[in-house]
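*Asks:* Chain by chain, the residues run as shown.
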Amino acid sequence: MVVSSPAAPPTPWSKSLVEPKIEPSAYVHSLSNLSGDVTIGANVVIAPGTSIIADEGAPFYISEGTNIQDGVVIHGLEQGRVIGDDEKQYSVWIGKNTTITHMSLIHGPAYIGDDCFIGFRSTVFNARVGHGCIIMMHALIQDVEIPAGKYVPSGAVITNQQQADYLPDVESEDLEFTSLVLGMNDA
Amino acid sequence: MYVPPLRPPNHDDTYISGEVTIDPSAAIAPGVLLQASPNSQIIIGAGVCIGMGSILHAYEGILEIETGANLGSGVLILGKGKIGANACIGSTATILSSSIEPQQIVLPGSLIGDKSRIVVVQKTVAGIDTINETASFSPEE
Amino acid sequence: MYVPPLRPPNHDDTYISGEVTIDPSAAIAPGVLLQASPNSQIIIGAGVCIGMGSILHAYEGILEIETGANLGSGVLILGKGKIGANACIGSTATILSSSIEPQQIVLPGSLIGDKSRIVVVQKTVAGIDTINETASFSPEE
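Protein chains in written order, with the working numbering: chain Y, 1 to 187; chain W, 1 to 141; chain X, 1 to 141.
The set of hints was computed from the structure by calculation and includes no laboratory data.
A few of these clues could be false.
[Stated by the list, open to error] Just so you have them, the derived chain W footprint on chain X, three or more residues with Cβ under 8 Å:
| hint | region |
| --- | --- |
| 1 | 23 to 34 |
| 2 | 45 to 56 |
| 3 | 73 to 83 |
| 4 | 100 to 114 |
[To be verified] Far from chain X, some chain W residues (derived; all Cβ distances over 12 Å):
| hint | residue |
| --- | --- |
| 5 | L6 |
| 6 | S17 |
| 7 | E19 |
| 8 | A26 |
| 9 | P38 |
For glycine and all other residues, C-beta sits at the position ideal for the given N, C-alpha and C.
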């Protein structure tokens, strides 16, 4: 067996000194993997099969009323922080009443605003997503800041600021579509 | 299209919730989630293979995986519908409230049943996206 | 992109069903499904590596993975055929009833085999079929 190098990455099973802080009204499924300096706000729902691990990048903040669906991964790089709405520094900040849908990957440094929708299997990495944005499915958002109220279509790869600035605004039909998806999960 | 990498599941067992029927000859890898909402059900037929970390979530009806169908790993199937006999669903594909015919193939990483608004996204000044460029080989040519 | 580190398996997660022969020097990651239908078999040679969550499902014949071949994670291989010695199969690729020559490389996410069975889906952002898009990894061009 090869001796492991000292630069080996920290492992998710290593116990962090800081335990998650969870509001009593939040629901965290027993089959989710939640560890490190994570704050979970009131009425947050964390579904089974999720992995929210603040081991390298920390802390994480998940604001009230937000929904984290099955198969979501939230993790952060050791370096890089975003400013949360409380003006403090976070590896990952997720605003209020936002939905992170199945199999999305939120990788810090990342900021996601209030009332956002992140579609199936989409990735947000080293980016800020403003309030009220809708990101559809199989999209990649990396190294950009998306202004509030923008719409990212399915399959889009948004990796430079110029693309982000030219995104269209959210329209009512987009909200209808996302509420359909939300209904699915609530059932 | 960009698809996030596969990851190992954080649990080894199959998680089952709601009305789910599984044929004893079906093979289900670790970390699979099978969830049927109220008034919905999941039926998994004989000889079906379901790959690691896949999520099946039935909603407003029956989600049936027919005999001999193969689902790769990290597949996401939502809503109602039927995956036909001996169909093949490539890894990391997403199927939203849709049916797949028997024998048919869904490519790895594809997205089926997406009815969201289509918009053409602006490209860069040069019209080249370096990330895409590196990955733009056409396979099996 | 940083990929979360792998967790060691809590137990041997490989699911084996039917006539499956594995060389002791082969390395098989967790979550792999090896299923040989009746009258079919799977043979895995020396030094073969099979990645996490891959599925090998033999039917109507012999599915052989020759010495030193490497399969990425989430690979789906169905039917009969031979993956030649030291061939390299990229992650999430799907191979249907086909053989791969020794030393050959299959790109990640590609499909090898019966193209006539591919599901045709709606246009995507780019106005290109999802099929082409996923198979060629070329996003919104």
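*Asks:* Taking the shortest Cβ-to-Cβ distance between S17/W and chain X, state whether it exceeds 12 Å.
*Replies:* holds (21 Å)
*Asks:* Can you tell me if the region 73 to 83 of chain X counts as covered by chain W, using C-beta to C-beta distances under 8 Å and a minimum of three residues?
*Replies:* Since 5 is at least three, the answer is holds.
*Asks:* Under 8 Å between beta-carbons, do enough residues of the region 45 to 56 of chain X, three at least, approach chain W for the coverage claim to hold?
*Replies:* n = 4 at 8 Å, threshold three: holds.
*Asks:* Using Cβ atoms and 12 Å as the threshold, tell me whether P38/W really stays out of contact range of chain X.
*Replies:* holds (30 Å)
*Asks:* Closest CB-CB distance from L6/W to chain X, is it above 12 Å?
*Replies:* Answer for L6/W: violated, closest chain X Cβ roughly 5 Å.
*Asks:* In terms of beta carbon proximity below 8 Å, does the region 100 to 114 of chain X have 3 or more residues touching chain W?
*Replies:* Holds, because 8 residues of the region 100 to 114 of chain X bring their Cβ atoms closer than 8 Å to Cβ atoms of chain W.
*Asks:* Over 12 Å to the closest beta carbon of chain X is the bar; see if E19/W clears it.
*Replies:* At about 24 Å from chain X, E19/W clears the 12 Å cut-off, so the statement holds.
*Asks:* Test coverage of the region 23 to 34 of chain X by chain W using CB-CB distances below 8 Å; three residues minimum.
*Replies:* holds (count 4)
*Asks:* Mind verifying the non-interface call on A26/W? Its CB should be farther than 12 Å from each CB in chain X.
*Replies:* violated (10 Å)
When each numbered hint is compared with the structure, violations occur for hints 5, 8.
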